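Novice: Put chain B on the given structure of chain A with help from the hints.
If you read the sequences in order, they're chains A and B. Its first residue numbered 124, the first sequence is counted upward by one per residue in this note's numbering. Its first residue numbered 1399, the second sequence is counted upward by one per residue in this note's numbering.
The set of hints was computed from the structure by calculation and includes no laboratory data. Each statement offered as a hint is correct.
Keeping only pairs whose Cα atoms sit at most 20 Å apart, straight-line, the calculated SDA-like set for lysine to any residue is: (1) B:LYS1463 with A:VAL196; (2) B:LYS1480 with A:ARG165; (3) B:LYS1480 with A:HIS148; (4) B:LYS1462 with A:SER186; (5) B:LYS1416 with B:PHE1598; (6) B:LYS1508 with A:GLU157; (7) A:LYS155 with B:ASP1476; (8) B:LYS1463 with A:ASN177; (9) B:LYS1464 with A:SER189; (10) B:LYS1453 with A:ARG165; (11) A:LYS180 with B:LYS1462; (12) B:LYS1516 with A:ASP176; (13) B:LYS1549 with B:MET1570; (14) B:LYS1464 with A:ARG193; (15) A:LYS195 with B:PHE1461; (16) B:LYS1508 with A:GLU134; (17) A:LYS155 with B:GLU1475; (18) B:LYS1599 with B:PHE1410; (19) B:LYS1464 with A:HIS148; (20) B:LYS1463 with A:VAL187; (21) A:LYS180 with B:TYR1467; (22) B:LYS1508 with A:ASN177; (23) B:LYS1416 with B:ASP1502; (24) A:LYS155 with B:THR1501; (25) B:LYS1599 with B:ASP1413; (26) B:LYS1486 with A:ASP176; (27) B:LYS1601 with B:LEU1611; (28) B:LYS1508 with A:ASN163; (29) B:LYS1416 with B:LYS1440; (30) A:LYS195 with B:LYS1462; (31) B:LYS1463 with A:ASP176; (32) B:LYS1486 with A:ARG193; (33) A:LYS180 with B:THR1460; (34) B:LYS1463 with A:ARG194; (35) B:LYS1462 with A:ARG193; (36) B:LYS1464 with A:VAL196; (37) B:LYS1508 with A:PRO131; (38) B:LYS1516 with B:ILE1411.
Keep in mind that this is a model prediction, so the values were computed, not measured.
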Amino acid sequence: MNRSKYLPLTETTYLVLLALIEPGHGYVIMQKVEELSDGNVRIAAGTMYGAIDNLMKLKWIQSVPSSDARRKVYQITDAGLSILREETNRLRSMLAIADNLNL
Amino acid sequence: MSKERIVKHKIFIVDIEKEQDFIDSYIEKGYKLKYVNNNTFKYIFEKCDDEFIPKIRIDYRTFKKKDEYTEYISMYEDAGWKQIKGSKNSGIHYFEQITPDTTDDLFSDKQSYSELYKRMFAYSISCLSFYAIMIFILHNQFNTTIFTNPKNLFFTPGLWDATGIKFAAGFMFELPFVILRNVAPFLLFLSSILFIACAFKCKKKEKEYNTML
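Excised from the complex, chain A in its bound form (with noise of 0.2 Å):
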């Protein structure tokens, strides 16, 4: 199986898609990976920007239509999904090998 070169992807990478399946903007983003991370990962602003800037490049998220001019409102796209969905299988089976292991 030809693993795609991107993966593994970095714990902000991921986080930040995971935040994007639902549109928002950047201190949206930075709020919702620190609820789904419970408090664990704190994205700073400087890492944000340049996260978002990544993605968009890669064409992972996209910039969807906003009322704010000020704030761009972004979410993932299909490829970002499907990037998402192949570093979660990697994940888990990450962790079936630590499981099997009774770590």
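Specialist: Coordinates of chain B only, in the frame set by chain A:
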């Protein structure tokens, strides 16, 4: 009563973390950064009795479109960072924490730091290319001996055959005159060296962070 002020001049080349540490050291002693100018390398700190003295963090980015820049500033503000110095094309941006809840840093992973130095490297290279083009265009207008054969800039007879103290004395004596005769090429030469040094340092920092990934 006016508050106690400290004025400092300090040059930081490329090293953003060192500059942040420098500003932090005054914040720890109870001073707030009041003014910064990265072109004159000037910092003014003022004694501050507030319980919360905002930290200063530095980012490097340029923007092609106005709305990209607006979005950038809005996102940082939403996340608790107020811009205190910088503009669309300034490259360097200084941000101040709005509340104590704001994250301690602008970046929360190593990749972001690696990308930061990558952007600065690209900037150094673009400056260097600009100077290279200038030199190419101007090479008929003025003396480019400094790049092709710097020894010929010195007129002292037999200087390059002399050794030891005689050479050192002759060289140091004539050097100011050489510089005065060739101000423009010298400035161009110095800037080129500076940008090469910057580019190397950026690349080094980028690699340092990449190995931590």
